[in-house]
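Asks: Take a look at the letters that make up each chain.
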Amino acid sequence: MIDSSREMQRGNRLRALIPYLFVLPAFLIFALFVLLPILDTVRLSFFDWTGFSAPNFAGLANYIELWTDRLFITGLGNNLRFILFYTVFPIGLALVLTAVMTRRRIRGMSLFRAGYFIPYVMPMVVVGVVWRWIYNPAFGPLNQALGAIGLDALARPWLGDFDAALPAVGLIATWVQYGFCMVLFIAGVQKIDESLYDAAQVDGASAMQQLRHITIPGIRTEISVALVTTFIAALRIFDLVFVTTRGGPGDQTMVTSLWLYRNAFQINRVGYAATIAVAQSVLILAISAVLLRFTRTSDQEEVAQ
Amino acid sequence: MTSGAADRPLTLESAATAFIAWLRRLLRRIPIYAFLILFLLIVALPFISISLAAFKTSAELTRGAFTLPAEWRWSNFSDAWTQAHFDWYFRNSAIVAVPVVAVGTLLSIFSGYAFGLMRFPLSRLLFALFLLGIMVPQEAYIIPLYYLLRGIGLVDTYWAMILPQIGMSVCFGSFWMRGFFSSFPADTLDAARVDGCSIWTALWRVLLPNAGAAISTLVVLLFIWTWNDFLIALVVVSSDTLRTLPLGLAFFQGRYASNVPLMAAGAIIVLLPTLIIYVLFQRQFIQGVTSGTLHG
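Going line by line, the protein sequences match chains A and B.
Counting from 1, one number per residue, gives the positions in the first sequence under our numbering.
Counting from 1, one number per residue, gives the positions in the second sequence under our numbering.
Excised from the complex, chain A in its bound form (with noise of 0.2 Å):
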């Protein structure tokens, strides 16, 4: 340990500066183009504002607005059920698939878990691109292997399709999350104890019960940096819809990013996409909060034991 607090006392002024001087580049950049700007759209949801006149202040205003507002309601509630694509279905597949893998050798088990991962590093707008074509009405893949199996019943205009499209676009979340959720299983695994499992072998504990004892318990950080990581991305959610569909058919895949978006860039309601903007950034650190807390307790539970 460099120990400046020590020299300080020595008098050295000029060396108690050190640290600062290391830190201050990086600090200003942040500062001024993120932290700064932090600051501000708590100040501006306070406000009216079109982005060229001076802004009025408008008090609650905006918040209040919030809650009668048609289209943040219906965001969050699309959002909400985005959870069950970002969330529940990948880190559940997920689980099936660390289930498989556990404690077998399998032959290029680096080479499949590089593979259920490259949809999580593509930049959202391919994955987008790409489904647009899957999902393509005309003569996308997805229609065409309906109709070679003789399902052409089910071909619809999925991302076009009012009851179809937030699952359409949903279940590109899960392709992109799913992989990501079991790689982080797979290296949670890989620390577990091996004995714990040769220990429930010999108890004779079936493939089920040393998951749900074993491999769970196991890998808990794991699934709650899943849990937390899958929630704000389905809280977020914003390429993925603008590329996709861009909130439509109707409202039907609204989301309070792209309000927000709308808001402020679109109908220069600025003051109000702040107060959106708030509530999201809320909400999220909210649930990151208490997620991450849950595990922490449950972390110095197992010390305890």
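Keep in mind that the hints were calculated from the coordinates and are not lab data.
Heads up, the beta-carbon is just placed ideally off N, CA and C, and yes, glycines get one too.
It is possible that some hints are incorrect.
What the hints assert, rightly or not - Computed footprint of chain B on chain A, listed as stretches where at least three residues anywhere in the stretch have a Cβ under 8 Å from a Cβ of chain B:
(1) 93-102
(2) 169-181
(3) 227-239
(4) 284-290
As the list claims (entries may be wrong) - Residues from chain B shown here face chain A by an in silico Cβ test under 8 Å; the list is partial:
(5) Pro99
(6) Met118
(7) Ala140
(8) Met168
(9) Thr274
Fit chain B to the known structure of chain A by using the hints.
Replies: What follows is chain B alone, placed relative to chain A:
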């Protein structure tokens, strides 16, 4: 596989039992591999399908999504590259990503060094602010960021994409490099101090030569985040000549949705750099992502 049988005298019977045991093991594994390959196919099929579409003519698409193109039309790629301006977009992406990653990494090394190995008043507060920057989503500050950039005349320039993304990169970067520095063996560092290393020379001579793994993971993650960024570029840039690859692709799709082959070729051009970087640095990637990082 049957080496266990070689120790015993090789009779027809023992060979047969060994063979059956081997076959049984193999058969038991087939469902697992089938399962794993199925999921690999679910990942691969959309990419394969769009790749095939990228080589066809629009007319040919109606004849089947999974048929091979009658003639591999490489011209779709050159058309996308020049006519659809993917050459500009590619250049813009590079102009933005390279300085963001280079400067972001360097500044993160400096601040991570201070946070990891020096004690100073306010260090906990400052570090907590960087963590806040990791947790808070971009949507939380994109609006004032736009007006700030407009106010200082940077909207619709490369700077409008570069500067904010350096600001975002140093949040995660400081956190990441602090983790490396604080876990550095104290003995080695003490030895260097006894040898009269200053804070500055200790960084360059002792610490950084051992930081290869940490820095390369950071570089790869920052590169992909910057290269894939959509929201910042969407908001702060309006000229087509400044658009990055993801943005160019999104707008191209908005205008020419009916020209599927050209769009497919564009999508391939956008995804190839990411794919190449991923294949080359797969280990760093997975290590970085699985170390439990939350990125805003």
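Asks: Confirm or reject each hint.
Replies: Okay, the hints, checked on the actual structure:
no.	hint	in the structure
1	93-102	holds (count 3)
2	169-181	holds (count 3)
3	227-239	holds (count 6)
4	284-290	holds (count 3)
5	Pro99	violated (12 Å)
6	Met118	holds (4 Å)
7	Ala140	holds (4 Å)
8	Met168	holds (6 Å)
9	Thr274	holds (6 Å)
Consistency with the previously given hints fails for number 5 only.
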